Amino acid sequence: MNSKLLDSAALQRMLARMAHEIAEANPDAGSLVLVGIQRGGVPVALRLAAELAQVFGRTVPCGTIDVTFYRDDLNQRTAPAVHPTEIPGDIQGKTVVLVDDVFFTGRTVRAAMDALLEFGRPSRVQLAVVIDRGHRQLPIRPDVVGKEVATSLRQSVLVRCSTGGEEDGVFVRDTLASSAVQPAS
Amino acid sequence: MIWNRKHLLDLQSLSAEEIIHLLDTAREFKAVGQRSIKKVPALRGKTVVNLFVEPSTRTRISFELAALRLSADVINFSAEASSLKKGETLKDTARNLEALNADIIILRHGASGAPHFLARFLGAHVLNAGDGAHEHPTQGLLDIFTIREKKGRIAGLNVTILGDILYSRVARSNIWALTKLGAKVTLCGPPTLVPKLFESFAPNVRVTWNIDEALRDADVINLLRIQHERQKASMFPSTGEYAALFGLNTARMAKVKPDALIMHPGPINRGVEIASSIADGPQSVILEQVTNGLAVRMAALYLVNGGASLQVAA
Chain W
0 MNSKLLDSAA LQRMLARMAH EIAEANPDAG SLVLVGIQRG GVPVALRLAA ELAQVFGRTV
60 PCGTIDVTFY RDDLNQRTAP AVHPTEIPGD IQGKTVVLVD DVFFTGRTVR AAMDALLEFG
120 RPSRVQLAVV IDRGHRQLPI RPDVVGKEVA TSLRQSVLVR CSTGGEEDGV FVRDTLASSA
180 VQPAS
Chain U
0 MIWNRKHLLD LQSLSAEEII HLLDTAREFK AVGQRSIKKV PALRGKTVVN LFVEPSTRTR
60 ISFELAALRL SADVINFSAE ASSLKKGETL KDTARNLEAL NADIIILRHG ASGAPHFLAR
120 FLGAHVLNAG DGAHEHPTQG LLDIFTIREK KGRIAGLNVT ILGDILYSRV ARSNIWALTK
180 LGAKVTLCGP PTLVPKLFES FAPNVRVTWN IDEALRDADV INLLRIQHER QKASMFPSTG
240 EYAALFGLNT ARMAKVKPDA LIMHPGPINR GVEIASSIAD GPQSVILEQV TNGLAVRMAA
300 LYLVNGGASL QVAA
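So the protein sequences, as listed, match chains W and U. The numbering of the first sequence is numbering that gives the first Met the number 0, which starts it at 0 and goes up by one. The numbering of the second sequence is numbering that gives the first Met the number 0, which starts it at 0 and goes up by one.
Take the hints with a grain of salt, since some may be wrong.
As the list claims (entries may be wrong) - Looking from chain W toward chain U, a few residues come up when the C-beta cut is under 8 Å (computed):
#1 Phe68
#2 Tyr69
#3 Leu73
#4 Arg76
#5 Thr77
#6 Ala78
#7 Val81
#8 Pro83
#9 Thr84
#10 Glu166
Unchecked claim - Label-pair ranges, simulated between beta-carbon atoms:
#11 W:Glu23 with U:Lys37: 50 to 60 Å
#12 U:Ala30 with W:Ala24: 25 to 35 Å
#13 U:Thr56 with W:Glu147: 52 to 62 Å
To be verified - So these bits of chain U aren't anywhere near chain W, every CB distance computed over 10 Å:
#14 Glu27
#15 Ser82
#16 Gly112
#17 Ser233
Calculated directly from the structure, the hints in this document are not laboratory data. Predicted, not measured: the structure shown is a model, and the values here were computed from it. For glycine and all other residues, C-beta sits at the position ideal for the given N, C-alpha and C.
Generate coordinates for the entire structure from the input sequences, incorporating the hints supplied.
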């Protein structure tokens with residue numbers, strides 16, 4: 000069962016506010032680079048980049064990073080699918096804002112930082128996330144948060160902010176409850 | 000698509016979906032190879048053994064570099080300087096390597112089915128780097144990766160494989176995978192090396208001994224080396240005659256489609272199966288095949304390492 004946490008308009012307002020927070024913390028637009036973490040962070044980063052372009056009156060470079068090869072659980076699972084990593088230009092001396100949809104254990108961000116540093120030495124790395132759902136397992140903390148949501152481990156959180164297609168918004172799903180209602184297929 | 004195979008033994012047993020997944024994964028590894036830091040920690044702490052009972056330089060180097068770029072530790076084991084020369088069986092050699100906690104064994108062997116044999120009793124992952132005249136799955140995959148990258152598709156293409164088909168594991172791996180992906184395959188060469196029987200491998204496989212017919216509609220021409228070392232008898236009178244009758248020379252090249260890809264698994268015999276100017280010409284993708292081979296082998300190592308594990312994470 001899906002429950003809607005934010006509708007499309009509320010999500011849009013939240014992304015606009017996050018973009019302003021990023022802009023306030025980084026007034027020098029020329030040294031700012033957004034990097035969306037594959038896959039959920041990528042559409043969020045594109046939306047934030049569009050908002051930042053409005054704020055600054057100039058485009059902000061926006062790339063993608065795949066953390067698969069840097070995960071700490073590769074020995075315990077089947078090989079995850081790999082998605083493109085495209086870092087826009089040289090990140091040496093830049094401020095890189097890593098962007099993800101849902102902040103959970105912190106392990107993805109740890110992997111993303113390792114992956115990012117292979118491409119150069121940014122002067123600063125920041126983290127922006129739409130939803131902080133808690134349950135941290137590593138000492139990592141976001142700089143810009145859309146909304147903090149208390150969740151249980153039985154739940155999953157979905158941020159949908161694609162361009163076109165299904166309705167945008169933030170949804171919470173009770174995974175164990177739904178599998179109890181619908182017997183395993 | 001979730002890859003859950005513990006070994007990569009042949010392409011005959013893979014589904015089209017698995018082949019595509021491997022090729023898609025290889026595309027991302029090719030991008031890794033274009034970075035200034037070309038190494039990722041995906042196989043950190045793993046031990047990979049190159050067990051090459053039959054000599055090979057390029058495949059061994061390619062697998063070795065692929066494993067190193069995945070941060071694995073690599074041991075090279077060749078038949079010339081090994082216990083196999085002292086009479087140890089393949090099974091005992093493999094068991095000894097496993098006792099050293101090898102995680103992945105890459106086997107090149109002169110006998111068809113040797114990697115399948117190892118896979119039956121080893122706990123380690125097994126990758127086939129060429130077994131007799133049976134299969135050479137990573138060569139087939141790198142050929143198809145190259146075609147797909149250049150042509151944007153496989154389905155509907157006319158692929159001609161020219162040369163020593165009978166003794167070629169490269170041809171067999173290509174035939175299985177290309178037909179699964181919807182290509183039409185034409186096999187051509189001297190009748191002694193291209194039996195009609197190959198048409199029974201799969202639908203869309205055609206045998207012709209007429210080189211002009213084989214080249215006319217080809218979108219891809221894959222030239223195979225004449226494997227003197229694998230031929231027990233003389234299958235054609237001379238290399239000179241072979242070059243005259245079946246070599247890709249400039250006169251034949253003039254009648255080929257202008258966008259046809261010229262491929263060769265190497266090592267090439269200049270002036271025998273291919274004219275020098277064609278090997279170095281604009282339609283040749285021979286060196287790109289080498290680059291792509293590295294990406295395909297990284298993908299194969301990465302995928303089998305996660306195969307047959309305990310759980311499927313989200």
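Going down the list of hints, with the structure as the test:
At about 4 Å, the closest approach between the beta carbon of Phe68 of chain W and any beta carbon in chain U falls short of 8 Å, and the interface hint on this residue holds. The beta carbon of Tyr69 of chain W is positioned within 8 Å of a beta carbon in chain U (closest approach about 6 Å), and the interface hint is therefore held. Contact between Leu73 of chain W and chain U, as hinted, is supported at the beta carbon level, the nearest pair being about 6 Å apart and thus within 8 Å. The interface hint given for Arg76 of chain W holds, since its Cβ lies 4 Å from the closest Cβ of chain U, which is under the 8 Å cut-off.
The restraint placing Thr77 of chain W at the interface with chain U holds, with a minimum CB-CB distance near 4 Å, inside the 8 Å limit. The restraint placing Ala78 of chain W at the interface with chain U holds, with a minimum CB-CB distance near 3 Å, inside the 8 Å limit. Taking 8 Å as the C-beta cut-off, the interface hint given for Val81 of chain W holds, the closest approach to chain U being about 4 Å. For Pro83 of chain W, the suggested interface contact is upheld, since its CB lies about 6 Å from the closest CB of chain U, less than 8 Å.
For Thr84 of chain W, the suggested interface contact is upheld, since its CB lies about 7 Å from the closest CB of chain U, less than 8 Å. Because the closest C-beta pair between Glu166 of chain W and chain U is about 23 Å apart, greater than 8 Å, the hint is violated. Our hint of 50 to 60 Å for Glu23 of chain W and Lys37 of chain U is violated, since their Cβ atoms are close to 38 Å apart. One distance hint, 25 to 35 Å for the beta-carbon pair Ala30 of chain U and Ala24 of chain W, holds here, with the actual separation near 31 Å.
Hint check: Thr56 of chain U to Glu147 of chain W, Cβ distance near 58 Å, so the stated range 52 to 62 Å holds. The beta carbon of Glu27 of chain U sits about 4 Å from the closest Cβ of chain W, which is not more than 10 Å, so the claim that it is off the interface is violated. For Ser82 of chain U, the condition that its CB be more than 10 Å from all CB atoms of chain W holds, with the nearest at approximately 30 Å. Against chain W, the non-interface label of Gly112 of chain U holds: every CB pair exceeds 10 Å, the least being about 26 Å.
Non-interface status of Ser233 of chain U relative to chain W is upheld: no Cβ of that chain comes within 10 Å, the nearest being about 46 Å off.
Hints 10, 11 and 14, counting from the list given before, are not met by this structure.
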